[in-house]
Every structure is written in C-alpha cells, then in structure tokens.
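**Student:** First to last, the sequence lines map onto chains D and P.
Here our numbering = 1-based position in the first sequence + 192.
Here our numbering = 1-based position in the second sequence + 555.
Don't take each hint at face value.
A few chain P residues facing chain D, derived, Cβ under 8 Å [stated by the list, open to error]:
hint, residue
1, VAL607
2, TYR613
3, LEU618
4, GLN636
Hint data in this document are derived by calculation from the structure and do not stem from the laboratory.
For each residue, glycine too, the CB sits at the ideal point set by N, CA and C.
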Amino acid sequence: MSWRFKFTFGVILLLFFLVISRLFYWQFVKAAELSALGQLQYGSTVKLTPQRGEIRMSDGFPVATNKISYLVFANPKEISKKEETTLALSGILDMDQASISADLSLDKYWVALKTGIDQPTKDKIDKLNLAGIGFEKQYSRFYPEASMAAQLLGFVGKDENGDDQGYFGLEGYYDRLLKGKAGTAIQVHDAMGRPILSKINENSGEIEGSNLILSIDRSIQFLAEEKLKEGIEKYGAQSGMVGVMDPKTGKILAMASFPSFDPRDFQDYPETLYKDPFISDLYEPGSTFKPIVMSAALNDKVITPTTQCTICSGPVPVGGYSIHTWNDKYYPNINMIEVIQHSDNTGMVFVSQKLGLDKMLKGLASFGIGDTTGVDLQGEVSSPLKPKNDWYAVDVATSAFGQGISVTPIEILDAIGAIANGGKRMEPHVVSGVEAPDGSVVGISPRVIDNPITPETAKVMTEIMVNAVNKGEAQWARLKGYRIAGKTGTASIPIAGHYDPTQTIASFVGFAPADNPKFVMLVIINRPTSSIYGAETAAPVFFDIAKGILTYYGIAPTVQE
Amino acid sequence: MKKKYLFLVLLILTVIGLSVLRTFVLNNISTSGVELGQIQDELDTLQTQNAVLAEQVYSYSSLTNISSKAAEMGFVNQGSQFVLTAPVPVAYNQ
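Can you make the complete structure from the sequences, with help from the hints?
**Tutor:** Rendered as structure tokens:
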C-alpha cells in the first residue's frame, strides 16, 4: 500500500512542480514581453507636447504666448449625409465645397479638414451635431500686440518632422529653451475606452518650455514704432529703423524697423523681411561715426577740444582724391568742437591724420567696430575691419567721417552708448531673465565688454555732442529745456563702385539726459525723398521719440530757455 | 500538534480574508475610470475656458487695441506739457 501512496504523492508533487515552473516561465522569463503585449492591447502611448514658453516684455505682458486652437477632422466612414455636411462646413470653415467634398469621399477613418480653428468656430460646428466630425486640441502661437517687434521676436514655423520650430529673432535664438522637451505617458483604457485608474508612467520625460522676460519696454517700443512709421511716411522713405538702449546696462529698450511683417501670417510676406535689419544690415554710417573717431583721438591725446584744424580752409587732397565738406562750406582754423558742430569732413580728415592708422584701428576695435556685439538675437552680422596693410590713405580719411566702412546699426548704438556710459561699452541684450518651468527666474547680468575711452574723455565728448545738438544743423528740431547729446548723419550709398548722388541714408544718434543718460537711441531713415539730410528727417524723428521717452520717465526739463 | 494546526488555520483564514478584501477594493475602484474620465473632461473644459479668457484679456489690454480704442473715443496725443517746479540753478544770486 505504501508504494502506491508514495507513487501518487510523487505524481502530485511532479504536477505541482510543472505548474510552478510554468508559472515561473510566464511571470519572470516572459514578463516583459507579456506586459508590452498587454499595453499594446489596452494602453495607449500619449505624446506629451509641452506648451511653448512665453516671451514677455519688461512689464510682464506676454508679447508671444499660446492660444488654444483646433484641428477639425472627419471620419468619412461615419458620415452618411456627405452633401449636407459639406455645405454646413464650407460656410463655417470658409473653404470651398469641392475641397471638403473630396476629403469626405476618401476611404479613410481619419481626414484632417482644417487646422487653427478658434473656439467660437469650433462651438458653431459643435452645435450642428454633425456625425463623423471631431476636433483635436492644439496650441498655436498668439501675438497679442499683433506685429509689434515682429523682427525682434521672429516667428514659429515647422521643422522637417512637422514640429514647432522658432526662426529668426528671439524665437530662433532661444528655440531650445522655449520649446522644452516632449515626453510620453502610457494611459490604460477599458473596453469602452474609458481610462482606468491605474498607475500612469510618472517619469514621462516632459520638460515645459521656459519663459523669456525681455528688457524691451512695451510703451517705448510702441512709441518708437508709431513715430518711425509716421516719419517714413512723412519723409517718403523706403524704410527705417530705431534702436533704443539703456547705456548703463546694455538693455535694449526698443528695436523697431519698417517695413515689417505679421508673425501670425509670416508665410504671406517676403523672406527678406524676416531678418532684423538693425543687426543684419550693413551700411556706411556717415557722420554718426565722427564722435567715435573723435573720442579715440581725444582719448589718445593726439588732439584736444580746442586744437585747431590746419587743413580745413578748403577741400583736402588725399591719395588722388579731393575730400569736401557736405555743403562745401569751409571754416579755416576750426577747432574740434566746431568740427562736430558743423559736421566738417575736412576736420575729420585732420583728426584721422593726427591719430594715424594704428591708433585708429585700435580705437575702432575697442569701440566694437568690425565685430559682432554679442546681442542675443539670431542673425547678427559684422564686417571685419580690413587688415592694416590693405588700408590706403584715402580709406583712413573717409573712414574718419563714416564712409568707406561698413557697420550694423547696433554697432553704432553700442559704440555711442560707451560715450554715454562714461567710457564703458556694454554688451547689448534683449533678454533680461529666463523663467524656468518651476517659476524660478535666472537673471542675465549686464556685462562690460571693453573700456574704449576714459570717463574724462567721455565727459568731454558728451559736451561736444551737446554743443552739436544746440548749435548744429539739427538745432531747429531739438527739444528745448533738455541737454541732449547727439550727432546727425547723411551717408551716401555705394552703388557699383561709386556713390549714388541722389539718395542717402539719413540718421541721428544721441543720448539723454546728457548728464545722466537714461537712453541712447539711433534713428535711421533709408532713402528719404523729401530731403536727403539727417538733420531734416532722422533728427526730428529722434527728438519726437526722445520727448515721449523723457515724459514717460518723468524727467523734467533741466535748462531754462 | 494543535498549535501547528492553529497556525495553519490562521494563515489560511488570513489569505482568504485578504483575497476577499482585495476583491472588494478592486470592485469599488473598477468603475472609478468613469469618474476619472469625467474629472479629466471637466479639467480640460476649465483649462480651455481659462486659455480663451486669457487670450481675450491679452487682446483687450494690448497697447495696439488701447490706442485704437482711445482714438475712437477722441483721445489725442499729448500737446505741450508744463512742469510745476522750475529747474534748480547751480547758484543763486544773493
């Protein structure tokens, strides 16, 4: 009897062993595979696309943010009344019936009809209760201030994978920070498609986009754009630009240019408008360059403000060329203060001869001429200064008054900003802080790039420029009651080896209040037709904007006139 | 022997009790997917409403909009301005 008992016991044990080993096989060896199979059957992978970060002005107002929009899709297999549906949708979606009808005739379960639908349109379609029509929520870029600072902001397009990608300006430069990182999550559904309360993959890898806080002052930006537009229309110009910067910190307070584009519909505008000309366009600055060269010469003590020009009684011959003043008026023995006041080209030739090529190149490099400023915008260019051996005497002479040398407007703004800031040249920047997804803000500190001149030289040059405003060609347009330092510019435009005699780039650069500058500004009016002179076009626009800024800052007049 | 059996019985009873409890809890939460779905829908609706309202607030408070509304209402650019206190000179006459 005992052997039967033992035999039965052994068989039962063997069966248990087989069951347990099979359980071990399915629960340990095949666990991963079965889990994946299960997830495929009842779990769906959800791509978590984070919202793109906002771009906010200095007052916290979002100038680029996100809004909810919808993609309207259709399931043609569920739509029995195709004609009715086509008619109803074509009116609301503003699409032609043939296009919708073609989409609804496709042998598919899902067809996209239109993207970017706003909430009111979606509600209208919802009310119709059309079978087979659904919506997918999307986020699209929204610009509450419309085309304000469009070239500064850039725009958001698509990359080769169809994902959002920033191009140009801030959207391009800070694209990685703004877009964040997409993650994935597994969501478990029951047979009816309802979510089951089960643990969703917590570590989705999603990182929200960061927000940018700009140094741009919304009011000053608005003012600059309004006045620039008015100026371009009034003076019949092709285009124009304004840049305003705090010289003490390098913070850009406003940057405007026209013509511009609407970042919401960037595809409707020519690509040439996408780049910001204030940082991407090279031009010959003309007389707005004179304070830079003069400052270098004063700093190197090769001249003083009262040094008299010994070659200014008539046109100056240099290297086979004859250098004239802009109005062919000559002032024998003119001093350096008057050279800037009268914008005397022959006086600047004298300064360049006193300075010499070596010191001039060193001075210009210290002022940042020929190099990028490092502004945090996509697309900045520069035209490097020629090697020393490639300079002829006439090049040295013409460069002294801003011809024969190419710069970007931001180089001039930054260089003049150094004069306004006691000789310290600051790195310009548009972003003053980055707000991380957790709310913490990382500020961007001002950075001194160079010290081209001493504080004493800066003070002297400031007074020379104040005198130029009070007694120079633009005195008719100046703001009474304020000490404003500035310089006009009327630059000829090089075309095919010579200069266009009929068209100019008119400009005015300056800072105010002269004793404690709150802003430095450069206005450029490109090819004005009512008058070619900076004193008659760019200068009035400058003073118009300056008046607005001084009032906005609550700065009272300091001079009784 | 009795103690052994007692321990075994207690073990079996515990296993049965926990199984029953597990069944009870799972049964209760099996339908919470419906609630979860409702909460998610409500959250989605509120987030959408919030986003739409934020969009409207930004549009209305944009300087572009305020400027055009001001022009419609007859506001004009500031003309001349005056300062209540005159600038202080560097030195006074006695």
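**Student:** Each hint should be assessed against the structure and marked as holding or not.
**Tutor:** A quick look at each hint next to the structure:
{"no.": "1", "hint": "VAL607", "in the structure": "5 Å, holds"}
{"no.": "2", "hint": "TYR613", "in the structure": "4 Å, holds"}
{"no.": "3", "hint": "LEU618", "in the structure": "5 Å, holds"}
{"no.": "4", "hint": "GLN636", "in the structure": "6 Å, holds"}
Of the numbered hints given earlier, the model fails none.
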